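J.: Each chain, written out:
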Amino acid sequence: MIKKQRKFMILDLMICVASAALSVVWLQQILPALRSVFPYSRSGKLKDYMLDLANITNIIGGCLFWASVGVTIIRLVPPRPSIRRLARQPGFVACLSVSIAGVAPLAVSVAQQVGRALIGWTSSAAGTSIPYMSMTVNSSEMAGAGVAALWGILALRRRVRIKADWVEYTARTLGFAWIAHWVLFKGLAFVWAI
Amino acid sequence: MDSISPEFCKVKTCMRFINTLRNTIALKFAVVFAFATVLACLWMQRAMATHHPKGVVWPTQALWAIGYGMWVGTTVAFPYLVCWCCGIVVLVRSTPRSPISRIASQPGFAACFAVASLTLLFFFCGLLRVVVKVAVGRAMAWNRFTVILFAYQISDYAGQFVAILWLLFLLARIWRPSSSPLETLARILGVLLIFTWSLDRLGSFLMSVGVDLVVESDRIQKGVT
Numbered sequence: 001m002i003k004k005q006r007k008f009m010i011l012d013l014m015i016c017v018a019s020a021a022l023s024v025v026w027l028q029q030i031l032p033a034l035r036s037v038f039p040y041s042r043s044g045k046l047k048d049y050m051l052d053l054a055n056i057t058n059i060i061g062g063c064l065f066w067a068s069v070g071v072t073i074i075r076l077v078p079p080r081p082s083i084r085r086l087a088r089q090p091g092f093v094a095c096l097s098v099s100i101a102g103v104a105p106l107a108v109s110v111a112q113q114v115g116r117a118l119i120g121w122t123s124s125a126a127g128t129s130i131p132y133m134s135m136t137v138n139s140s141e142m143a144g145a146g147v148a149a150l151w152g153i154l155a156l157r158r159r160v161r162i163k164a165d166w167v168e169y170t171a172r173t174l175g176f177a178w179i180a181h182w183v184l185f186k187g188l189a190f191v192w193a194i
Numbered sequence: 001m002d003s004i005s006p007e008f009c010k011v012k013t014c015m016r017f018i019n020t021l022r023n024t025i026a027l028k029f030a031v032v033f034a035f036a037t038v039l040a041c042l043w044m045q046r047a048m049a050t051h052h053p054k055g056v057v058w059p060t061q062a063l064w065a066i067g068y069g070m071w072v073g074t075t076v077a078f079p080y081l082v083c084w085c086c087g088i089v090v091l092v093r094s095t096p097r098s099p100i101s102r103i104a105s106q107p108g109f110a111a112c113f114a115v116a117s118l119t120l121l122f123f124f125c126g127l128l129r130v131v132v133k134v135a136v137g138r139a140m141a142w143n144r145f146t147v148i149l150f151a152y153q154i155s156d157y158a159g160q161f162v163a164i165l166w167l168l169f170l171l172a173r174i175w176r177p178s179s180s181p182l183e184t185l186a187r188i189l190g191v192l193l194i195f196t197w198s199l200d201r202l203g204s205f206l207m208s209v210g211v212d213l214v215v216e217s218d219r220i221q222k223g224v225t
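Just so you know, the protein sequences line up as chains A and B, in that order.
Residue 194 is where the first sequence ends in the working numbering, and the numbering goes up by one at each step.
Residue 225 is where the second sequence ends in the working numbering, and the numbering goes up by one at each step.
Incorrect hints may appear among the rest.
Computed beta-carbon distance windows for the label pairs [stated by the list, open to error]: (1) A/Gly152 with B/Glu7: 30 to 36 angstroms; (2) A/Arg85 with B/Phe124: 33 to 39 angstroms; (3) B/Leu202 with A/Ala18: 53 to 59 angstroms; (4) B/Arg16 with A/Gly152: 36 to 42 angstroms; (5) B/Phe124 with A/Pro78: 42 to 48 angstroms; (6) A/Val24 with B/Met48: 39 to 45 angstroms.
Negatives, chain A to chain B, calculated, CB over 10 angstroms [as the list claims (entries may be wrong)]: (7) Ile15; (8) Ala20; (9) Val25; (10) Gln29; (11) Ile56; (12) Met142; (13) Ala145; (14) Leu150; (15) Leu184.
What the simulated footprint calls covered on chain B by chain A, stretch by stretch (three residues with Cβ under 8 angstroms from a Cβ of chain A suffice, anywhere in the stretch; the number is not a length) [said to hold, decoys possible]: (16) 26 to 37; (17) 74 to 82.
FYI, nobody ran anything at the bench for these hints, they're computed from the structure.
From a predicted model like this one, the values you see are computed outputs, not experimental measurements.
We put the beta carbon where it would ideally sit given N, CA and C, even for glycine.
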């Protein structure tokens, strides 16, 4: 049980702004990549609209990812319940898992790029900033399914902590959004393949 | 009562023996794992057939070769691990067991359950796709059929997912493993999944570095000449 309800603080606002800024940077990087990944002609067919929607879904995935990272950080800033209690709350579980799944490959790729830059390599297959962004997109493709599976295990344990504050409710909303994102993405891929 | 014929006695004894065998966990274990292994063989065959690096010229880079070797090894290993995880979930469900809420606190079973549920989810996505394609009237070759069913990239994420799940278990302090052989086997499979996933990532990393080295050496040679 959360003894002290957390209120919206100025620090939370700052974290929200920072995650929004990261989303914008991500969008700036990913939009040209998406254009190159899905080259298509404007023929007015349903397939084109499906690809448009798939691009939009990718963009939404990136924004959701940075929002999840932001909410995870907000949740970890005191005052907060103990980590033990947090790790039993579905919203925090969803956001933390998505953040780890996305940030880990991102960190590896950034380290790789920094290493390349330090050595002085310029011309390489992964010499641009696109690959690590696309790695995040790849991770986000699986995020919804992962969140659903994690929530399934929490439901099996039958010890889901119901009482929550606004951060937890936001995190749960993000969890549902991830699942919806995954269903939408798979649905679009399905229709496009047919 | 009339006397029972010796043939009938033999049949009855045989049936009793078969029933006893059927009820033992060992037989269930063998059947389930044999079935899972067959499925894994099919999956592995498809994975190896569809994911070979098309158009890639073998570079002379040792790093690339090592990375490629790791990648091939993990591509072979993943289907077996994932299918065996599904087998463990089936076995746990079919044998006398503790309440499901207690089993869900066991890290091995939780890992296997998560991996199996994700695999089944992706499997049914593929199956739905095939059914709709056939219903629409598009002919599908058997090879393509199996590719769509099995070639989803769940195996790339299974180890990562188990790692995150176990991290959450540790954070929530609900790491309560039991001493049953199935749970021990499930935990071993979880560890192997994480290990294989790490090798896969390391292999990809080494391959990209190997390609970079080739590209850089080409660039330097061209610059010199």
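J.: Under the constraints set out in the numbered hints, which ones does this structure not fulfil?
T.: 1, 3, 12, 13, 14, 16 and 17
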